[in-house]
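Enquirer: The lines below spell out each chain.
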Amino acid sequence: MSPPKRPISQYQQLDTTVRVETPEKIAFQYQVIGPFRRLMAYALDLLIVGLAFLGCCVTIIVMFILLAWAMPWISGDFFKELISSSFGLLAIIAAVSFWFYGAVCETLRNGQTLGKQITHMRVISTDGSAIDGVQAMVRNLFRFLDIMPFIPTTIFFVFDFYEDAWGIPLFLAGLICMVASPRFQRIGDLVAGTMVVLVERDWAPELASFTDPRVEKLAEMIPNDFVVTPALAKALAAFVEATPRLGPAHSYEIAFQLAKPLMQKFGFPADIDPTLMLNALYFKTFSQFNTEDTAPVMAVAPVPVISAATSTVENIAAAPVAEDPFARQAPVGDKSDQSGAMNPQGRP
Amino acid sequence: MKVSQILEQRQPQWRELENLCNEIGTSSKGARLPATQVARFSTLYRSACADLALAEAWQFPPKTAEYLHRLVARAHSQMYRAEKYRWKTWGQKVFIDVPAAIFQDPAVHIALVFFWVLFLASAFLAQDDLIWKGFAEDVLGSEQISQVETGFEEFSGRSWGENNLMAGFYIINNGSIGLYCFVMMLFVVPGFITLGQNAVVLGATFGVMLRGDSPEASENFFNFVTAHGPLELTAIVLSAGAGLKIGVSWWFTNGNRRIDNLKKTAVETIPVAMCAFCLFVLAALVEGFVSPHPEDNLPWFFKATVAALTSGMLMFYFVVLGYPRSILSDFFDGGER
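Residue numbers (numbering that gives the first Met the number 0), protein chains in the order written: chain A, 0 to 347; chain B, 0 to 336.
No wet-lab data here; the hints were simulated from the structure. Watch out, some of these pointers could steer you wrong.
Covered stretches of chain B, going by a simulated chain A footprint (3 or more residues, C-beta under 8 Å) [what the hints assert, rightly or not]:
1. 69-79
2. 165-171
3. 175-185
4. 261-272
Virtual Cβ for every residue (Gly too), placed ideally from N, Cα, C.
Produce the entire structure from the sequences given, and follow the hints as far as they go.
Expert: Structure representation (structure tokens):
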């Protein structure tokens with residue numbers, strides 16, 4: 000087999016998932032966000048800026064009303080001048096917020112505008128690190144290129160309000176660039192070296208639970224010396240987690256392929272429901288199976304729980320830290336992971 | 000240990016890490032967290048990294064592994080937060096790096112020469128009206144010339160409220176012109192067309208006013224444009240230069256990959272673009288509050304002084320501060336020897 004033409008990048012990508020390995024040798028995955036979800040965040044940002052602007056307008060109107068009420072002797076001409084001045088102020092607020100909202104928010108809020116925060120997105124560098132102020136400025140400056148081309152307002156007679164206006168943006172340049180880019184980067188992202196990723200939160204994983212009592216009984220009948228390989232464990236978990244989304248016939252069809260050789264191996268009758276068989280094996284693997292029997296990886300030191308009495312810097316600094324179990328327990332002579340990466344994907 | 004036990008044991012720590020991420024991420028507390036919480040966050044983060052390694056090595060259920068990937072990613076992005084603007088280093092950047100970069104930037108030189116040559120040629124042709132008979136009418140159109148002349152004939156200053164209003168309008172308008180020049184210059188040829196169009200139209204307008212068909216309009220025109228002219232024209236040149244620098248970087252890569260050269264140049268261009276923006280804002284303020292005053296309120300001499308001062312400041316900033324220090328030091332070292 001010929002070697003790959005290009006060395007494997009430090010930043011690998013599988014479909015919409017980007018794998019990032021940091022200089023500390025920590026590898027993890029980000030899910031990059033496509034154009035339509037990002038458009039929603041942009042629309043939210045515009046809405047927020049618009050509402051803030053509306054708030055400024057209302058504040059100024061209220062101030063005028065209060066002024067007229069508190070100082071009735073002020074002349075109408077003076078008020079007219081004040082109103083003109085406030086229009087000028089509002090124009091400046093609108094321009095500055097439209098030009099700098101994105102760059103300032105992303106710098107001060109760690110890669111998130113308010114719209115991105117609501118839609119659970121964050122801008123990060125393509126190497127996984129946080130963006131800096133210059134990157135935020137660059138990607139937002141190039142937004143004016145991403146929103147091109149413009150439809151001239153003169154073709155819409157109703158909107159022909161200002162002949163020097165740029166027109167109505169179509170966002171085509173940015174959209175085409177995002178569709179063509181594997182990380183869904185618009186032109187500004189490409190130039191600034193950034194990407195927009197998903198920031199999911201408050202979602203704790205649980206093992207699947209079974210209400211059918213036969214699952215546990217069948218699990219007990221599976222021989223204890225049967226070793227579940229990591230690939231089989233992954234297949235089992237994928238199947239059980241996907242079962243609620245599959246119809247019974249589809250579940251049966253998938254389960255049959257995997258369960259049939261297992262039932263033969265265990266000497267089970269052929270009429271056992273293959274879905275039940277896989278559920279039982281899943282239960283045994285993840286809820287009953289003692290991992291120390293097959294893989295020397297489970298002795299992870301628990302993180303010390305901080306109580307009020309121990310919450311001092313000294314105590315925490317002195318507390319034992321969960322170390323990389325591979326580094327600690329890898330057998331002598333095992334050179335399979337000399338890089339020291341904490342997330343050795345593809346490890347057998 | 001069973002997987003279910005591991006999950007049961009670790010979930011409180013994962014939730015605690017999530018809560019800390021929420022706490023840091025939703026406010027500006029990140030920089031002011033107590034030391035105990037920072038230490039705790041680091042411990043939990045390292046532990047979650049170990050859990051992720053464990054999950055991948057022993058093939059935990061995919062959802063668990065996916066959850067850990069996202070948790071570690073979230074914690075990582077909170078631990079290494081966005082680098083804010085370093086105000087302390089801005090003195091060095093604003094007064095040394097930026098003027099030096101602009102002074103030596105060939106893209107700015109090209110935009111400067113291109114704009115001013117066209118501007119002066121257009122002004123000369125419009126004023127002279129012999130070499131190219133009817134040049135100003137060809138460029139601007141007779142109708143627009145008469146509109147401009149009528150507008151300036153009738154111009155007799157504004158009230159302070161209108162000045163404030165127009166200052167806001169000028170900031171938007173100037174910013175839009177600058178952005179348009181910048182964006183068009185990214186495509187180089189359309190940029191030169193846009194910049195040239197601006198130069199020719201502005202030059203022809205100046206030429207018509209110099210011609211003096213309507214002395215009153217000419218007087219009011221020069222009374223109006225003198226103060227803010229240097230700032231606004233320099234800002235147009237700078238924004239075009241910034242765009243040209245990026246546009247050219249796509250073609251002339253200096254041995255780098257195109258995209259890498261583009262990234263590098265874009266970062267170098269930001270100070271030029273910001274400088275142009277500042278000049279546009281300054282020009283808008285002068286145009287809003289100084290320029291519109293009629294001769295009776297504010298004599299032309301005062302506006303000419305403002306123009307001379309701003310021109311002097313620009314020269315000092317771009318030439319004196321921007322002059323390469325290596326050349327200066329070589330010159331003085333040579334003198335000593």
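Enquirer: Take the hints in turn and mark each one as holding or not.
Expert: Against the structure, the hints come out as follows:
Remark: the stretch 69-79 of chain B is confirmed as covered by chain A, as 8 of its residues place a Cβ nearer than 8 Å to a Cβ of that chain, reaching the required three. Coverage of the stretch 165-171 of chain B by chain A holds. Counting CB-CB distances below 8 Å, 6 residues qualify, and the rule asks for three or more. Interface restraint, the stretch 175-185 of chain B with chain A: holds (6 residues with C-beta to C-beta distance below 8 Å; minimum three). With 6 residues bearing a CB less than 8 Å from a CB of chain A, the stretch 261-272 of chain B meets the requirement of three and the coverage assertion stands.
In terms of the numbered hints stated before, the structure departs from none.
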